[in-house]
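Now that you have both chains on their own, put them together as the hints suggest.
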Amino acid sequence: MNNKLSRVILLLLIVLSVISINACTKNPSPSKETPAVEESLVLATTTSTQDSGLLDILIPAFEKEYNTEVKVIAVGSGQAMEMGKKGDADALLVHSPAAEDQFMAEGWGKVRKDVMYNQFLIVGPKADPAGISGMTDAVAALKKLADTNSKFISRADKSGTHSKELSIWKAAEVTPAGSWYIESGQGMGDTLMMAIEINAYTLTDEATFLSFKNKASSLHVVVQGDKLLFNPYGAIAVSPEKYPNIRFKAAEAFVNFISEGEGQAIIHAFGKKKYGKNLFTPVNYRP
Amino acid sequence: MDIWHSIVEYKEEILTIVRLSLIVSGTATLFSTLIALPLGTIIGLKDFLGRRLILRIVYTLMALPPVLAGLIVYLIFSRSGPLGNLELLFTPTIMIIAQTLLVTPIITGLVVAAIAGKEGIIYDHALSLGANQMQAYFTVIKEARTNIIASIMTGFGRAFAEVGAVMLVGGNIRYTTRVLTTSIVMETRQGNFAMGIALGLILLIISFAVSTLVLMNNDQFSKT
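The listed protein sequences derive, respectively, from chains A and B.
Here the first sequence stands for residues 1 to 287, numbered as in this note's numbering.
Here the second sequence stands for residues 288 to 511, numbered as in this note's numbering.
What the hints contain is simulated information worked out from the structure, not anything from laboratory work.
Treat each hint with caution, since some may be false.
Said to hold, decoys possible - Derived Cβ-Cβ restraints for the label pairs, each shown as a range: (1) B:433 <-> A:179: 47 to 57 Å; (2) B:462 <-> A:102: 29 to 39 Å; (3) B:350 <-> A:102: 31 to 41 Å; (4) B:418 <-> A:245: 46 to 56 Å; (5) B:462 <-> A:126: 36 to 46 Å.
Stated by the list, open to error - Rough simulated footprint, nothing fancy, chain B against chain A, three-plus residues with beta-carbon under 8 Å: (6) 72–84; (7) 189–202.
Said to hold, decoys possible - 20 Å max Cα-Cα, derived DMTMM-like pairs, lysine to aspartate or glutamate: (8) A:274 <-> B:289; (9) A:273 <-> B:289; (10) A:274 <-> B:296; (11) A:242 <-> B:374; (12) A:86 <-> B:296; (13) B:298 <-> A:38; (14) A:170 <-> A:183; (15) A:110 <-> A:38; (16) A:227 <-> A:262; (17) B:298 <-> B:374; (18) A:144 <-> A:38; (19) A:249 <-> B:289; (20) A:64 <-> B:289; (21) A:242 <-> A:38; (22) A:110 <-> A:241; (23) A:273 <-> A:56; (24) A:85 <-> B:374; (25) A:242 <-> A:101; (26) A:213 <-> B:289.
As the structure is a prediction and not an experimental result, all values here were calculated from the model.
A virtual CB, placed ideally from N, CA and C, is assigned to each residue, including glycine.
The shape of chain B in the complex, shown without the other chains (with noise of 0.2 Å):
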């Protein structure tokens, strides 16, 4: 068939844009991780002035269109922009930038709804049977984490599905910032129908190889 036949002759290519989708929103993500689990730990257990508020703006940036993410990014780091100088822009490191910024939201407003509930009366526990804070704070995580793990998993599916973002500050450069999502919407555009199927099943099938990887390290989703 057609499309076996440009796979097979654009396997190298093919590999790059995988290898550089998987870092890109692979990074983000846990740049994502490493700002949202602290923060979103400290708003899902403490009581503090302007905590609703804060929780109410990290709900709105969950809605955050990926585009705008994207154009606000691409306005700071443009040689107009303030931080033009860093020469970031078409970049895999503006992109990731992007995604941190899309995806931060999401994992720290799912953590705290991951921790808020029931997970006080553990950290009320711990503190009562001599914890000191930082350990308290490391008993909630470890007995939230099956949630916690989804609020990561559904911050890298934003990042490995968005299109928007990467597309405006990578540029979707050949061999530089093409990903998997920008070289769909290029294929889409040339014609190519065949071609953006196979690579939205290539990404589809990466996406179920990491989540099986997750969750083979994690007995909690199994029922037993």
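Just chain A, same shape as in the assembly (with noise of 0.2 Å):
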């Protein structure tokens, strides 16, 4: 009788340790003559550049030419930064331009470059039951959502889009608040799930919407073009002077490869085929 509970825990342990073994034929990294760096680093990033698919292309490329890894981890700006802070990711690319620039000054950050931008939009139901479609001033947009209680949604989790949002209430002088006013604490892509399910308005990072847009979505652009709605991105190497053990030089390589040319390159190709415009349009692009 003990026998066959033996066996069975036999039994399993064969099978993950057959498994473990395959697990070790690790996926082929290239190798090519470029500058040193270390073999790996985590990368902390908006959820926009992972879920529209540009990492896909963008960090295969990086990684054939450096012959290093990278791990993405893709996260609202907010709590990106916040990695950075904890020394857990060794690069960032956000989007939230205040707050990078207050990561510089406290000396969180090592070196930051611009390196790409598209817009904000301000997304709603079809029957635009606010009346904003068409608007170009997104301050008086969402001051009329506020004014006619219309649903909103915010993210409110201190991501880019979230900061954004934030400063166009500022800048609207309303303290948005009430049943209209709906806080989703999640990810674009789930808020704009839930803007589609109880029709509301949001505001979304053109390149989610963009690719949302093609799968499930029911929205609509209401407000775009003003210049309020400008959506940098920008990255980071963490500075590796509080935490020794960050991987700076593979940072900097990778802040580098994305603001300059093939990154750069890649960043204005992508999306036009798919698409029919390019989602990010890079800052320092040169044909």
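So, in structure tokens, the structure goes:
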């Protein structure tokens, strides 16, 4: 009888070990002559760069050139910068300019470069109950949403999009509160899903919206084109001074890679085929 | 159909994900069992000072939210935390640690329940027949094995299905720490609902296969 139990355990052990032996055959990492950097780095980034698929193209190109492995953690910009402060991320790719400036001023980051931009959009149901469709003034549009008590979903998660939203409310001199103002506390994709389900308005970055629209969205762009809705992305190499284990060389190489030459060309080309326009505009692209 | 296309196209990657899910949750369950089986047996059989308190703690920890377990492990192994220089964050190893923390109380609690009831009689009986204490323990474990296996399977199910802890400490890194549950979250977030469902079905099928494997080798579960 005891044999049976041990046989089960033995069987499970064998299965496990066979699986783990297989797992040790790693994905091939190509090699090439370029300045030597650490063999891996952790990139904390906003979800829009991953969810849009940009990083699936950008990261392999960088890995190939520098023969280093990039571990991408997609979270909100706020959490990404918090990971930088804790020393858990070596490089950041975020879109929260004011918070980035503060991050640099406090000495958490060593190098920061502008990478690309697109725009934020105010999206909402087709019926447009608040009647803001076609407005080009984001401040006036949000004010009208508040005046008409139209449902609006806030990310409320300290992401780049959330801090942009708060800055618009501030400009509108409105403190959003009430049953129409819904704080989801979730990522952009989840928030868009929620907006679809309950026919609400929300503020979204262009890249996530376009890549989401193809799949499941009945939302429409109601406000765009205000220069307040400008959405710049920056790359930061976290300073090695506070945590000597930071893989600074690799992080710096990554920041340079995406803000120059090949990285910029990849960003420029990304999304044209699938969405008819590029999802991000590189700041430093020369054909 | 579109979804079959995607599955075939990403076959290799999905296999990597499935493999990692099994390794992480399987190893975590194994470690948890190694801790929980002796611990649960002793708590179940022995009467000692503080036993009720320990039991209460164990049962409280059975309700430990995965994301809280993840956060605690994250803070300990963060570069700014006490064990930061081990550089374990965002590796499969730390995912195993987090899930072990999560699963050990569950298996312990269930093993206690499996043994505490009628098995005390068997323990006394074994002792009276001249078994030493070690032998008596093993006799009890042997007699309660059906319930113990069910406890271990419950623990494995919890580990295999949880997402909060592995998402936080593993980071859902492609090819490295992405497991079935974290990919489901990611696909959903991107609006790829069909892919999310497909991955969920894969998870359930594997769960079915694992339990079949286990039950096949234990005749006690069959009624005859």
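Hints versus structure:
1. B:433 <-> A:179: 47 to 57 Å: With a Cβ separation near 53 Å, residue 433 (chain B) and residue 179 (chain A) satisfy 47 to 57 Å, so the hint holds.
2. B:462 <-> A:102: 29 to 39 Å: holds (34 Å)
3. B:350 <-> A:102: 31 to 41 Å: Given a distance of about 39 Å, which is inside 31 to 41 Å, the answer is holds.
4. B:418 <-> A:245: 46 to 56 Å: Hint holds: Cβ distance 53 Å, inside 46 to 56 Å.
5. B:462 <-> A:126: 36 to 46 Å: Since residue 462 (chain B) and residue 126 (chain A) have Cβ atoms about 40 Å apart, the given range 36 to 46 Å holds.
6. 72–84: It holds: at least three residues are needed, and the segment 72–84 of chain A offers 3 whose Cβ sits within less than 8 Å of chain B.
7. 189–202: holds (count 4)
8. A:274 <-> B:289: Distance ~16 Å between residue 274 (chain A) and residue 289 (chain B) Cα, so the pair holds.
9. A:273 <-> B:289: holds (19 Å)
10. A:274 <-> B:296: With Cα atoms ~18 Å apart, residue 274 (chain A) and residue 296 (chain B) stay inside 20 Å; holds.
11. A:242 <-> B:374: Given pair residue 242 (chain A), residue 374 (chain B) holds - Cα atoms ~15 Å apart, limit 20 Å.
12. A:86 <-> B:296: violated (38 Å)
13. B:298 <-> A:38: Not satisfied, since the Cα-Cα distance of roughly 30 Å exceeds 20 Å.
14. A:170 <-> A:183: holds (17 Å)
15. A:110 <-> A:38: Given that 20 Å is the threshold and the Cα spacing comes to 17 Å, the pair holds.
16. A:227 <-> A:262: violated (28 Å)
17. B:298 <-> B:374: violated (31 Å)
18. A:144 <-> A:38: It is violated: about 52 Å lies between the C-alpha atoms, which goes past 20 Å.
19. A:249 <-> B:289: Outside the cut-off at roughly 42 Å; violated.
20. A:64 <-> B:289: Judged against 20 Å, a Cα distance of about 31 Å means the pair is violated.
21. A:242 <-> A:38: It holds: about 18 Å lies between the C-alpha atoms, which stays within 20 Å.
22. A:110 <-> A:241: holds (9 Å)
23. A:273 <-> A:56: holds (15 Å)
24. A:85 <-> B:374: Within the cut-off at roughly 16 Å; holds.
25. A:242 <-> A:101: Holds, at about 18 Å.
26. A:213 <-> B:289: holds (17 Å)
Hint check: violations occur at hints 12, 13, 16, 17, 18, 19 and 20; the rest are consistent with the structure.
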